[in-house]
Amino acid sequence: MDAKPRFRLVPMPVQSALLFVVWLLMNNTLAVGHIFLAATLAFTIPLLVNGLQNPQPTVRKPLLALRYFLLVLMDIVIANMQVAVLILGPLKKMQPGFVAVPLDINQNLPITLLASTVSLTPGTVSCDVSEDKRWLYIHALNLVDEQALIHSIKTRYEAPLKEIFGC
Amino acid sequence: MNWIELILSFFVLLGGLFMLIGSIGLARLPDFYMRLHAPTKATTLGVGSLLIASMLFFSIKNSMFSIHEILITIFLFITAPVSAHMMAKAALHVDTDTLERTQGVEAHKAATAGGNPPAKADLVNKQKGSEN
Chain L
1 MDAKPRFRLV PMPVQSALLF VVWLLMNNTL AVGHIFLAAT LAFTIPLLVN
51 GLQNPQPTVR KPLLALRYFL LVLMDIVIAN MQVAVLILGP LKKMQPGFVA
101 VPLDINQNLP ITLLASTVSL TPGTVSCDVS EDKRWLYIHA LNLVDEQALI
151 HSIKTRYEAP LKEIFGC
Chain X
1 MNWIELILSF FVLLGGLFML IGSIGLARLP DFYMRLHAPT KATTLGVGSL
51 LIASMLFFSI KNSMFSIHEI LITIFLFITA PVSAHMMAKA ALHVDTDTLE
101 RTQGVEAHKA ATAGGNPPAK ADLVNKQKGS EN
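Protein sequence lines correspond, in order, to chains L and X.
Its first residue numbered 1, the first sequence is counted upward by one per residue in the numbering used here.
Its first residue numbered 1, the second sequence is counted upward by one per residue in the numbering used here.
Accuracy of the hints is not assured; some may be wrong.
[Said to hold, decoys possible] With the C-beta cut set under 10 Å, the calculated list includes, among others, these residues of chain L facing chain X: (1) N50; (2) Y68; (3) L70; (4) V72; (5) L73; (6) A84; (7) L88; (8) P96; (9) S119; (10) V125; (11) A140.
Just so you know, the hints here were simulated from the structure itself, not pulled from any lab data.
As the structure is a computational prediction, the values presented were derived from the model and not from experiment.
C-beta: ideal position from N, C-alpha, C; glycine also.
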């Protein structure tokens with residue numbers, strides 16, 4: 001935030017739009033009354049909470065972000081199948097393991113997104129981030145090749161995130 | 001109406017199947033960290049399929065788009081990894097027992113220690129070694 005916060009009528013346009021859409025979705029309607037209510041909420045709530053925001057990196061490349069979203073969605077489906085097969089298969093063969101992934105991104109929002117992506121995608125759950133935000137600890141359900149796993153996380157998920165947020 | 005019912009039952013069954021697999025995983029897997037995988041993964045697709053079915057059913061029944069199920073999906077996708085992360089973090093904090101054959105002991109130790117990995121030098125060396 002600026003040193004001297006200046007008043008803006010719509011301080012958080014993206015969040016306002018999101019609030020508007022989510023309100024209408026929640027009520028599952030397009031009635032005039034609800035549209036009016038949604039507009040009122042989308043207008044007033046950002047005015048009230050604007051001062052509480054932490055500065056976050058902004059999305060620089062929305063198209064790439066959309067592509068990333070679709071990629072993750074597809075990977076979630078694949079991950080589910082793989083984990084289902086692993087769960088039903090012989091447990092003795094499973095080789096669980098911890099991996100420390102070195103991070104190139106250092107801001108909270110991209111790291112959160114990366115950690116969530118890792119949790120949702122094939123056979124890995126993010127466990128912790130080191131205090132200096134340079135390592136992401138993950139647990140793999142079936143760790144075959146540690147270096148290959150680190151490499152795939154870094155190229156498949158981290159690199160696009162880095163590009164999207166331009167950091 | 002017949003083919004729609006077919007599609008609906010397919011999604012409902014698929015959803016049920018994945019939820020069942022998730023629960024089986026929860027019961028069957030041997031240690032805490034492995035058990036964590038079942039609910040974060042198998043369940044997301046399970047609930048996802050059920051929600052697709054619900055979306056289709058109500059859209060056709062009321063002949064009006066019913067898409068507020070999308071919200072549930074989004075909330076689920078946001079909360080599932082976060083809760084899994086918090087549980088894993090808590091487990092690391094209290095140093096929950098892991099399966100004996102768990103690999104990556106230095107990473108686990110470093111994660112348990114919380115801050116900077118004490119074995120960071122080892123890890124860096126290991127990575128350098130593999131790159132060379």
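Hint check:
Using the Cβ-Cβ criterion of 10 Å, the hint placing N50 of chain L at the interface with chain X is not satisfied: the shortest such distance is roughly 22 Å. Nearest Cβ of chain X to the Cβ of Y68 of chain L: about 14 Å, over the 10 Å cut. The hint is violated. With 10 Å as the threshold, the beta carbon of L70 of chain L stays out of range of chain X, its nearest partner Cβ sitting at about 13 Å, so the hint is violated. Because the closest C-beta pair between V72 of chain L and chain X is about 9 Å apart, less than 10 Å, the hint holds.
Hint status for L73 of chain L relative to chain X: holds, with the closest Cβ pair at about 9 Å, below 10 Å. Annotation: A84 of chain L was flagged as interfacial toward chain X, and the flag holds, the nearest CB pair being 5 Å apart, inside 10 Å. Hint on L88 of chain L holds. Least Cβ distance to chain X is approximately 7 Å, under the 10 Å limit. Checking P96 of chain L against chain X by beta carbon gives a least distance of about 5 Å; that is within 10 Å, so the hint holds.
Restraint check, S119 of chain L versus chain X: the minimum CB separation of about 3 Å is within 10 Å; hint holds. Hint status for V125 of chain L relative to chain X: holds, with the closest Cβ pair at about 5 Å, below 10 Å. Interface restraint check: A140 of chain L against chain X, minimum CB-CB distance 8 Å, threshold 10 Å, status holds.
Hints 1, 2 and 3, counting from the list given before, are not met by this structure.
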